[in-house]
Amino acid sequence: MLKSITFYVNDSRVVFSGNPLTRLIDILRDELGLTGVKEGCGEGECGACSVIKDGKLVTSCILPVGACEGSHIYTIEGIRDTDKGKCLVDAFRDGGAVQCGFCIPGMVMAAYVLLSENPSPDENTIRKAISGNICRCTGYDLIVESIRLAAERGGDLWV
Amino acid sequence: MGVNYVPETLEEALLLRKAEKAVPLAGGTDIMVQHRRGLGLAPQPDFPVMIISGLNELRGIKKLDDGSVEIGALSTAAEIAASELVPWHVRKAASGMGAISLRNSATIGGNIGNGSPKGDLPQPLILLDAEVVLLSFDGERRMLLDEFIIGAKKTALRDDEIIKSVIIPPHEFTYSYYRKIGMRRANAISKLSLSAACTVKDGVISDFRASSGAAGPKVIRSREAESMITRKPVAELEDIVPDFLAAWDHAISPHAMPKYRRNTTARMLTEFLEAVINGAEPGIIGQEAL
Chain A
3 MLKSITFYVN
13 DSRVVFSGNP
23 LTRLIDILRD
33 ELGLTGVKEG
43 CGEGECGACS
53 VIKDGKLVTS
63 CILPVGACEG
73 SHIYTIEGIR
83 DTDKGKCLVD
93 AFRDGGAVQC
103 GFCIPGMVMA
113 AYVLLSENPS
123 PDENTIRKAI
133 SGNICRCTGY
143 DLIVESIRLA
153 AERGGDLWV
Chain B
13 MGVNYVPETL
23 EEALLLRKAE
33 KAVPLAGGTD
43 IMVQHRRGLG
53 LAPQPDFPVM
63 IISGLNELRG
73 IKKLDDGSVE
83 IGALSTAAEI
93 AASELVPWHV
103 RKAASGMGAI
113 SLRNSATIGG
123 NIGNGSPKGD
133 LPQPLILLDA
143 EVVLLSFDGE
153 RRMLLDEFII
163 GAKKTALRDD
173 EIIKSVIIPP
183 HEFTYSYYRK
193 IGMRRANAIS
203 KLSLSAACTV
213 KDGVISDFRA
223 SSGAAGPKVI
233 RSREAESMIT
243 RKPVAELEDI
253 VPDFLAAWDH
263 AISPHAMPKY
273 RRNTTARMLT
283 EFLEAVINGA
293 EPGIIGQEAL
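Quick mapping for you: the protein sequence lines, in order, are chains A and B. Under my numbering, think of the first position of the first sequence as 3, with each following residue one higher. Under my numbering, think of the first position of the second sequence as 13, with each following residue one higher.
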């Protein structure tokens, strides 16, 4: 029986001992101060809390920490200063993808996973990749364009 | 309020199940949502929970000697959608479940154990006569998924058992059909869903089957209605369709918006049967392959 959960957030080791049903988002925001992870719906539908767990996109608001033993978690704070992260952040800015910004960390994480798996996606593939991320401002078009821009500019970065 | 556990071995999990009646949590996409309490608070079910996501014995998809496919309970919707071993109806349903992040978390064991008539995976699994393998200290037992799910949120799972895997027997269909209707493409819970399949040999329908999701307290298959079509020549099908549709309509029992659900179910069945009557190219009817 595990008495504590050990996992890695943005490459730093975290040991949590407490209720294993504690939501990962609450540890990320309240204990680690990673407030780029946003809580929108709180039921896994809006994607604002998206993080990357062992290479896969997950919604941290419905992920219990007890399911994170040994996992490597990355949040927007962990990727934004990497080459790939900078490429996405610059493209989102230059492409005018951001209005209120609440959904953007989640969008960037979804785009990061997409481009890491598929460096030159077509429009439909991009739309599917962000279909679990809701944006109430932009109507999505400029976000889709910006992800395409990041793919074009990044080139070999994503391969 | 229950105490929550993270067992490290299958044996520990079975012990917790037996001694504490702990409820297994795999991906958490149902339990974490159903018992959520909002910002900063851990969900608080009134039963003990054990998080079994680390039990690798319950993972993996493999082909068995008799051609069946065994899917471990912890296989996620994303893994099922991506596996070429898994039959088309089930891959199709898995690929339309939630959005990417949900498919990376939600498991087949959880989707079955939750027992919802709107669940995405039970509907095509019941079409294919899938069986569920249940594990306890007494050993394993197997039963048809159609019998395992008793009604809305009710299953035959004993309180010392956990779901180990799902076994899908082999099939070769001439025509296959799957459709899910929801409010949006991503992250929608089914308003209604239907799977159908049909095998034609020498102009005779040797196997016909259908299953309706979200059209009653559990996934509905009517062997009685199916038998009206099975073993009949394709040439006679057109004359049988009205009576068959009436029999299927009798079998389903949608609670909310019954007229809409009954009408739409009939239209989906008609779309499939018309393709069979018109001698469509063998394969998938009505939608892109995957």
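If you're looking for bench data, these hints aren't it; they were derived computationally from the structure. Backbone N, C-alpha and C fix where the C-beta goes; we use that ideal spot for every residue, glycine too. One thing to keep in mind: the hints can contain errors.
To be verified - Distance ranges between label pairs, derived from CB positions:
#1 A:L4 x B:M155: 30 to 38 angstroms
#2 A:N120 x B:A31: 33 to 41 angstroms
#3 B:P182 x A:C139: 43 to 51 angstroms
#4 A:N21 x B:R196: 45 to 53 angstroms
#5 A:E33 x B:D58: 25 to 33 angstroms
Results for each hint:
1. A:L4 x B:M155: 30 to 38 angstroms: 32 angstroms, holds
2. A:N120 x B:A31: 33 to 41 angstroms: Given range 33 to 41 angstroms: violated, Cβ gap about 47 angstroms.
3. B:P182 x A:C139: 43 to 51 angstroms: 50 angstroms, holds
4. A:N21 x B:R196: 45 to 53 angstroms: Given range 45 to 53 angstroms: violated, Cβ gap about 33 angstroms.
5. A:E33 x B:D58: 25 to 33 angstroms: 27 angstroms, holds
Comparing the model with each earlier hint shows violations of hints 2 and 4; every other hint is respected.
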